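**Student:** Given next are the chains, with one letter for each unit.
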Amino acid sequence: MLTLIIEKEIRDLVSTARFAVTFGICSLLILLTFYVGARTYALQTEQYEAARKEQLRQLEGVTDWSSVRSARVFLPPQPLAALVTGISNDIGRNAEVRGRGEANPQDSRYAEDPIYAVFRFLDLDFLFQILLSLFAILFGYDAVCGEKERGTLRLTFAQAVPRSTYILGKLVGSFVALGIPLIVPLLIGCAILPMLGVPLSAEEWLRLAFIVASGLLFFGVFLNCSILVSALTHRSSNAFLAMLVVWIMAIIVVPRTAVVIAGRAVDVPTVDELASKKSRYSAQLFAEDRMAMGKFVPSNPTGPQVMQEFNKFMSKIADERQKKMDEFSSRLNEERVNMQRIQEDLAFGIARISPVASLSLGLADLANSGLDLKEEFQSSIQRYQRSYGEFMVKKTGMNPGGGMIMRITDDSDREKPKPIDPSELPVFVFQPETLSASLASALPDLGLLAALATVLFLAATMAFLRYDVR
Amino acid sequence: MITNMIGVIIRKELRAALVSPKFVASFGVCALLMLLSTFVGIREFQASREQYEAAQRLNEQEMREQTAWGRLGTRVFRAPDPLQIFASGLQNDIGRWSSVDAFNPVKLKNSVYSDDPVFAVFRFIDLAFIVQIVLTLMALVYTYDAVNGERESGTLQLTFANPVPRHVYILGKAVGAWLALIVPLFVPLLMSLGLLSVFDILLSAEHWLRIAIMMGASLALVSVFIMSGVLVSALTSRSSVSFLVCLVGWVVTALLIPRAGMMTAGYLVAVPTAAETDSRLDGFSKERWNVHMKELGERWRARNEQLTGKTEEERRAEREAKEWDWMEEDDRSRKQVQRDIDEYATRLREDVRNRKLEQERLGFTLARFSPVAAFQLALMNLAGTDMGMKARFEDALTEYRKTFNTYRDAKVKESGTFGGIRISFDSQRGMKIEQGREETLDLAEMPRFSDPRVPLRDAFSAALVDIGLLVGAALLACAAAVAAFLRYDVR
Numbered sequence: 002m003l004t005l006i007i008e009k010e011i012r013d014l015v016s017t018a019r020f021a022v023t024f025g026i027c028s029l030l031i032l033l034t035f036y037v038g039a040r041t042y043a044l045q046t047e048q049y050e051a052a053r054k055e056q057l058r059q060l061e062g063v064t065d066w067s068s069v070r071s072a073r074v075f076l077p078p079q080p081l082a083a084l085v086t087g088i089s090n091d092i093g094r095n096a097e098v099r100g101r102g103e104a105n106p107q108d109s110r111y112a113e114d115p116i117y118a119v120f121r122f123l124d125l126d127f128l129f130q131i132l133l134s135l136f137a138i139l140f141g142y143d144a145v146c147g148e149k150e151r152g153t154l155r156l157t158f159a160q161a162v163p164r165s166t167y168i169l170g171k172l173v174g175s176f177v178a179l180g181i182p183l184i185v186p187l188l189i190g191c192a193i194l195p196m197l198g199v200p201l202s203a204e205e206w207l208r209l210a211f212i213v214a215s216g217l218l219f220f221g222v223f224l225n226c227s228i229l230v231s232a233l234t235h236r237s238s239n240a241f242l243a244m245l246v247v248w249i250m251a252i253i254v255v256p257r258t259a260v261v262i263a264g265r266a267v268d269v270p271t272v273d274e275l276a277s278k279k280s281r282y283s284a285q286l287f288a289e290d291r292m293a294m295g296k297f298v299p300s301n302p303t304g305p306q307v308m309q310e311f312n313k314f315m316s317k318i319a320d321e322r323q324k325k326m327d328e329f330s331s332r333l334n335e336e337r338v339n340m341q342r343i344q345e346d347l348a349f350g351i352a353r354i355s356p357v358a359s360l361s362l363g364l365a366d367l368a369n370s371g372l373d374l375k376e377e378f379q380s381s382i383q384r385y386q387r388s389y390g391e392f393m394v395k396k397t398g399m400n401p402g403g404g405m406i407m408r409i410t411d412d413s414d415r416e417k418p419k420p421i422d423p424s425e426l427p428v429f430v431f432q433p434e435t436l437s438a439s440l441a442s443a444l445p446d447l448g449l450l451a452a453l454a455t456v457l458f459l460a461a462t463m464a465f466l467r468y469d470v471r
Numbered sequence: 007m008i009t010n011m012i013g014v015i016i017r018k019e020l021r022a023a024l025v026s027p028k029f030v031a032s033f034g035v036c037a038l039l040m041l042l043s044t045f046v047g048i049r050e051f052q053a054s055r056e057q058y059e060a061a062q063r064l065n066e067q068e069m070r071e072q073t074a075w076g077r078l079g080t081r082v083f084r085a086p087d088p089l090q091i092f093a094s095g096l097q098n099d100i101g102r103w104s105s106v107d108a109f110n111p112v113k114l115k116n117s118v119y120s121d122d123p124v125f126a127v128f129r130f131i132d133l134a135f136i137v138q139i140v141l142t143l144m145a146l147v148y149t150y151d152a153v154n155g156e157r158e159s160g161t162l163q164l165t166f167a168n169p170v171p172r173h174v175y176i177l178g179k180a181v182g183a184w185l186a187l188i189v190p191l192f193v194p195l196l197m198s199l200g201l202l203s204v205f206d207i208l209l210s211a212e213h214w215l216r217i218a219i220m221m222g223a224s225l226a227l228v229s230v231f232i233m234s235g236v237l238v239s240a241l242t243s244r245s246s247v248s249f250l251v252c253l254v255g256w257v258v259t260a261l262l263i264p265r266a267g268m269m270t271a272g273y274l275v276a277v278p279t280a281a282e283t284d285s286r287l288d289g290f291s292k293e294r295w296n297v298h299m300k301e302l303g304e305r306w307r308a309r310n311e312q313l314t315g316k317t318e319e320e321r322r323a324e325r326e327a328k329e330w331d332w333m334e335e336d337d338r339s340r341k342q343v344q345r346d347i348d349e350y351a352t353r354l355r356e357d358v359r360n361r362k363l364e365q366e367r368l369g370f371t372l373a374r375f376s377p378v379a380a381f382q383l384a385l386m387n388l389a390g391t392d393m394g395m396k397a398r399f400e401d402a403l404t405e406y407r408k409t410f411n412t413y414r415d416a417k418v419k420e421s422g423t424f425g426g427i428r429i430s431f432d433s434q435r436g437m438k439i440e441q442g443r444e445e446t447l448d449l450a451e452m453p454r455f456s457d458p459r460v461p462l463r464d465a466f467s468a469a470l471v472d473i474g475l476l477v478g479a480a481l482l483a484c485a486a487a488v489a490a491f492l493r494y495d496v497r
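If you're matching them up, the sequences are chains A and B in order.
Plus 1 on top of the position in the first sequence (first one is 1) and you've got our numbering.
Plus 6 on top of the position in the second sequence (first one is 1) and you've got our numbering.
Don't take each hint at face value.
Unchecked claim - Have a look at the derived ranges for each label pair, beta carbon to beta carbon:
1) B:218 x A:268: 48 to 56 Å
2) A:19 x B:352: 41 to 49 Å
3) B:398 x A:423: 32 to 40 Å
4) A:324 x B:300: 34 to 42 Å
5) B:22 x A:22: 24 to 32 Å
6) A:332 x B:329: 21 to 29 Å
7) B:200 x A:184: 48 to 56 Å
8) A:328 x B:439: 21 to 29 Å
Claimed, not checked - Over the 10 Å line for every Cβ pair with chain B, so calculated as not near, a few chain A residues:
9) 32
10) 33
11) 77
12) 93
13) 123
14) 335
Stated by the list, open to error - Taking lysine-lysine and the DSSO-like style, the derived pairs with C-alpha atoms no more than 27 Å apart in a straight line are:
15) B:18 x A:317
16) A:313 x B:292
17) B:316 x B:419
18) A:296 x A:313
19) A:313 x A:375
20) A:324 x A:395
21) A:325 x A:313
22) B:300 x A:313
23) A:317 x A:396
24) A:375 x A:324
25) A:419 x B:408
26) A:54 x A:325
27) A:395 x B:18
28) B:341 x B:113
29) B:341 x B:300
30) A:278 x A:375
31) A:325 x A:279
32) A:278 x B:113
33) B:292 x A:54
34) B:341 x B:408
35) B:113 x A:375
36) A:324 x A:54
37) B:419 x A:396
38) B:300 x A:395
39) A:296 x A:54
40) A:279 x B:113
Derived by calculation from the structure, the hints in this document are not laboratory data.
Bear in mind that the values here come from a model prediction, so they are computed numbers and not experimental data.
Beta carbons are placed, not taken as given, at the ideal position from N, Cα and C, and that holds for glycine.
Take the sequences, apply the hints, and build the full model.
**Tutor:** Structure, rendered in structure tokens:
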């Protein structure tokens with residue numbers, strides 16, 4: 002009997018014009034999203050390569066590593082971040098590395114190309130949130146009360162049909178009828194990625210599979226919710242209105258309000274406060290070093306080694322200054338990061354009341370475009386900063402960073418120096434989060450979605466057991 | 007007679023609408039969201055104002071602690087504007103401050119979202135967003151069965167058993183639906199505006215005028231969707247079909263076209279990235295400084311050659327006599343380098359900006375096929391959080407930098423010292439480290455930066471095209487609904 006009900010449900014849904022139109026639109030948008038993601042990735046890769054080439058080009062003809070004051074590193078585009086943008090367009094995409102001091106990412110895509118910030122990107126997160134939820138509502142809101150209005154519910158229960166079997170059949174039938182067809186454009190979308198020049202590793206394919214599965218899970222949540230509401234109401238117009246209110250609350254109100262509440266509840270020291278404290282401390286340290294500099298006495302004041310000796314002396318005091326500065330900065334940064342974590346935990350804790358927030362956070366974790374992306378980029382920059390500093394010490398005998406620019410004017414006649422080889426510069430490697438770490442972050446959210454889908458399913462069954470079918 | 011009849015139809019429509027659960031739900035949600043978005047906007051504005059004031063204070067304090075005119079630099083912060091409460095636009099995406107000094111070109115850095123990405127995850131909520139997403143959807147939910155719903159329930163046939171002109175009927179329907187949705191919305195709208203006084207948000211007369219125009223634009227957008235709902239209803243005979251058409255239309259206009267328009271423009275018009283531009287500027291800057299340093303070396307060699315053959319005392323006396331002239335000559339040369347770099351940066355920026363303008367023009371033209379996009383652009387222009395915001399601020403900052411550097415140079419000259427450290431090495435005299443003189447700086451006369459504001463007239467001119475488009479679209483949809491209903495089969 003269950004199979005019969007499922008089959009009937011699938012036939013009823015699939016044979017309607019409503020299904021054809023909605024499914025057509027959804028498929029079109031899904032394919033468009035994959036296409037747009039692939040094009041965006043290609044464009045970002047092009048820009049990334051151009052910026053890197055330009056960086057190397059400007060080192061051409063330089064004859065002394067000492068005159069290389071800094072290196073610029075770039076966040077490489079991630080193929081999945083083009084499909085689930087997360088915060089990847091909001092954080093800085095490059096940083097200037099000097100060998101010492103703080104190197105912070107700057108130039109976010111939205112800050113540099115505000116044209117994209119006006120209406121944002123079309124991505125899978127947006128598509129799942131808005132479209133799949135509407136799709137689920139559209140087909141679920143009259144699942145029970147619609148049958149009642151048409152009188153078919155009464156007819157069905159004139160037979161010996163157990164209510165639990167009927168509602169189970171409805172739920173499974175709706176999910177199969179609507180969910181399975183959605184997989185087709187999603188799979189086609191995945192398949193066209195390599196054809197559009199988006200190389201995906203085995204790990205990224207697995208991530209993509211999880212992303213698609215999360216979308217379907219989210220669709221299941223809204224479908225179950227719609228059927229529950231349908232089983233709680235007697236008129237389909239009321240069920241639709243109730244679901245529309247739920248949709249607006251879940252998508253617009255809860256996530257955004259949660260972040261605002263957390264923003265007000267947890268006081269995070271601002272970047273400006275930190276920058277000011279750091280700047281003042283740095284000025285104080287520099288003033289102390291100026292005094293030390295005045296006391297520099299070379300071993301042989303007129304000997305040819307005096308400048309090298311002075312460089313070493315400067316490097317030493319700069320190292321000491323930087324050590325103090327690093328300790329001070331890391332203390333301040335740690336305070337801010339800790340407060341930010343508390344704020345994030347509170348914001349996301351509240352936001353997770355809405356399945357939309359869970360979906361969004363889970364997808365961003367899986368696509369590696371969540372909040373961790375900024376920290377990972379920052380850590381990679383710091384690692385590179387160390388290797389860059391070591392490289393420069395090897396090449397010039399001193400680390401050029403630290404804020405002091407020393408220009409040496411040499412008036413002696415020497416042979417023309419040879420240009421440096423820019424390819425010797427250490428290569429910046431961005432280390433994204435591993436799959437296991439991403440899964441560990443995303444699983445609680447996906448678990449929440451699964452749990453919510455189950456609870457809604459049980460609630461729909463319970464509601465229908467007491468439903469007046471007349 | 008006709009006026010009376012329209013009045014009757016409108017009254018009937020209003021009565022039917024006001025007692026429906028659809029009205030209760032849509033009014034409740036809209037009212038809640040309008041109040042919530044205004045409240046959230048006010049709190050965000052207050053927070054950003056506090057942050058701005060604190061940052062200003064800290065910067066002032068830092069500047070007061072500086073001890074050499076030569077090293078004097080400042081940071082300029084973008085002041086928040088109360089209109090961001092209603093249309094935050096690009097407010098949180100654009101950098102909040104720029105350093106202003108002699109060496110680095112101005113550049114807005116540290117946007118709200120890049121500093122605190124937690125806010126970027128779900129974004130902020132503002133009135134513009136509520137109007138674009140919620141009110142437009144509610145307008146369609148309200149009107150999708152305005153005509154065919156009556157037909158399905160059999161009342162349309164009954165109505166036309168009487169001598170009711172069709173155009174009168176459909177106009178009455180459209181106006182009734184419009185009044186039923188719009189008039190009740192004035193209550194939460196006025197309450198939202200009342201919240202501004204409750205939270206002590208001071209607004210000028212110009213601000214109020216801008217808000218009034220923004221509300222007018224919101225009305226125009228909602229009207230477009232109300233009339234479109236009536237039109238779709240008059241084109242279809244079943245409410246389930248019109249509902250589906252409306253929903254698809256809403257997804258396409260509210261969500262798809264604006265994004266697709268911008269992205270198409272992004273692909274068609276390539277603009278170099280900031281990193282690429284910065285690298286180019288860095289390259290030019292390094293090259294220019296290298297030439298300068300080479301010239302400086304040659305100059306000093308020539309100066310030293312002039313002193314050869316003289317006694318140590320004569321050399322010292324001549325050096326001391328010429329030192330100021332030499333310093334000025336070197337300084338002129340340094341300033342010329344800086345000017346060249348600035349000019350190159352301006353040219354580079356101009357080129358990027360022109361390409362961006364081209365991209366924007368194309369993007370906005372495509373996006374304006376959606377009334378939602380036209381509305382968003384109009385509101386951003388009126389609130390001053392539009393696409394031009396970044397360029398406006400950076401231009402004003404560049405001008406300010408010139409004034410600031412002129413002031414700084416004058417002070418350096420006045421004080422007679424640059425304040426830096428000069429390290430010289432001579433094969434005969436050895437190394438000499440000279441510390442510049444340090445002093446407390448009196449910054450009372452320092453020029454202050456004033457935020458660039460777009461005059462109301464300019465903002466309105468920029469928004470006029472979009473508002474005109476909205477009004478045009480609403481009238482067109484209304485006319486189309488009348489035309490469609492004239493041929494509608496009422497049976």
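**Student:** Now look at each hint and say whether the structure bears it out.
**Tutor:** Verification of the supplied hints:
1. B:218 x A:268: 48 to 56 Å: 36 Å, violated
2. A:19 x B:352: 41 to 49 Å: 58 Å, violated
3. B:398 x A:423: 32 to 40 Å: Holds - the Cβ-Cβ distance for residue 398 (chain B) and residue 423 (chain A), about 38 Å, lies within 32 to 40 Å.
4. A:324 x B:300: 34 to 42 Å: Cβ of residue 324 (chain A) to Cβ of residue 300 (chain B): about 35 Å, so the range 34 to 42 Å holds.
5. B:22 x A:22: 24 to 32 Å: Given about 29 Å between the Cβ atoms, the range holds.
6. A:332 x B:329: 21 to 29 Å: 45 Å, violated
7. B:200 x A:184: 48 to 56 Å: For residue 184 (chain A) against residue 200 (chain B), whose Cβ atoms are near 50 Å apart, the range 48 to 56 Å holds.
8. A:328 x B:439: 21 to 29 Å: 28 Å, holds
9. 32: Residue 32 (chain A) clear of chain B: closest Cβ-Cβ about 13 Å, beyond 10 Å.
10. 33: 8 Å, violated
11. 77: Answer for residue 77 (chain A): holds, closest chain B Cβ roughly 12 Å.
12. 93: The claim breaks: residue 93 (chain A) does not keep its Cβ more than 10 Å from every Cβ of chain B (closest is about 6 Å).
13. 123: Its Cβ does come within 10 Å of chain B, the nearest being 5 Å, so this is violated.
14. 335: For residue 335 (chain A), whose nearest Cβ neighbour in chain B is about 16 Å away, the distance exceeds 10 Å, so it holds.
15. B:18 x A:317: With Cα atoms ~87 Å apart, residue 18 (chain B) and residue 317 (chain A) exceed 27 Å; violated.
16. A:313 x B:292: 24 Å, holds
17. B:316 x B:419: Outside the cut-off at roughly 31 Å; violated.
18. A:296 x A:313: 14 Å, holds
19. A:313 x A:375: Violated, at roughly 35 Å.
20. A:324 x A:395: Since the Cα atoms of residue 324 (chain A) and residue 395 (chain A) sit roughly 20 Å apart, the hinted pair holds (cutoff 27 Å).
21. A:325 x A:313: Within the cut-off at roughly 18 Å; holds.
22. B:300 x A:313: 24 Å, holds
23. A:317 x A:396: 16 Å, holds
24. A:375 x A:324: Cα-Cα ~24 Å, so holds.
25. A:419 x B:408: Given that 27 Å is the threshold and the Cα spacing comes to 39 Å, the pair is violated.
26. A:54 x A:325: Given that 27 Å is the threshold and the Cα spacing comes to 36 Å, the pair is violated.
27. A:395 x B:18: Answer violated: residue 395 (chain A) to residue 18 (chain B) is near 87 Å, above 27 Å.
28. B:341 x B:113: 20 Å, holds
29. B:341 x B:300: 15 Å, holds
30. A:278 x A:375: Distance ~23 Å between residue 278 (chain A) and residue 375 (chain A) Cα, so the pair holds.
31. A:325 x A:279: 11 Å, holds
32. A:278 x B:113: The hint holds at about 22 Å.
33. B:292 x A:54: 16 Å, holds
34. B:341 x B:408: 12 Å, holds
35. B:113 x A:375: With a Cα-Cα distance of about 21 Å, the restraint between residue 113 (chain B) and residue 375 (chain A) holds, given a limit of 27 Å.
36. A:324 x A:54: Measuring from Cα to Cα gives roughly 33 Å; hence the hint is violated.
37. B:419 x A:396: Violated, at roughly 39 Å.
38. B:300 x A:395: 26 Å, holds
39. A:296 x A:54: Not satisfied, since the Cα-Cα distance of roughly 44 Å exceeds 27 Å.
40. A:279 x B:113: Within the cut-off at roughly 20 Å; holds.
Of the numbered hints listed earlier, those contradicted by the structure are 1, 2, 6, 10, 12, 13, 15, 17, 19, 25, 26, 27, 36, 37, 39.
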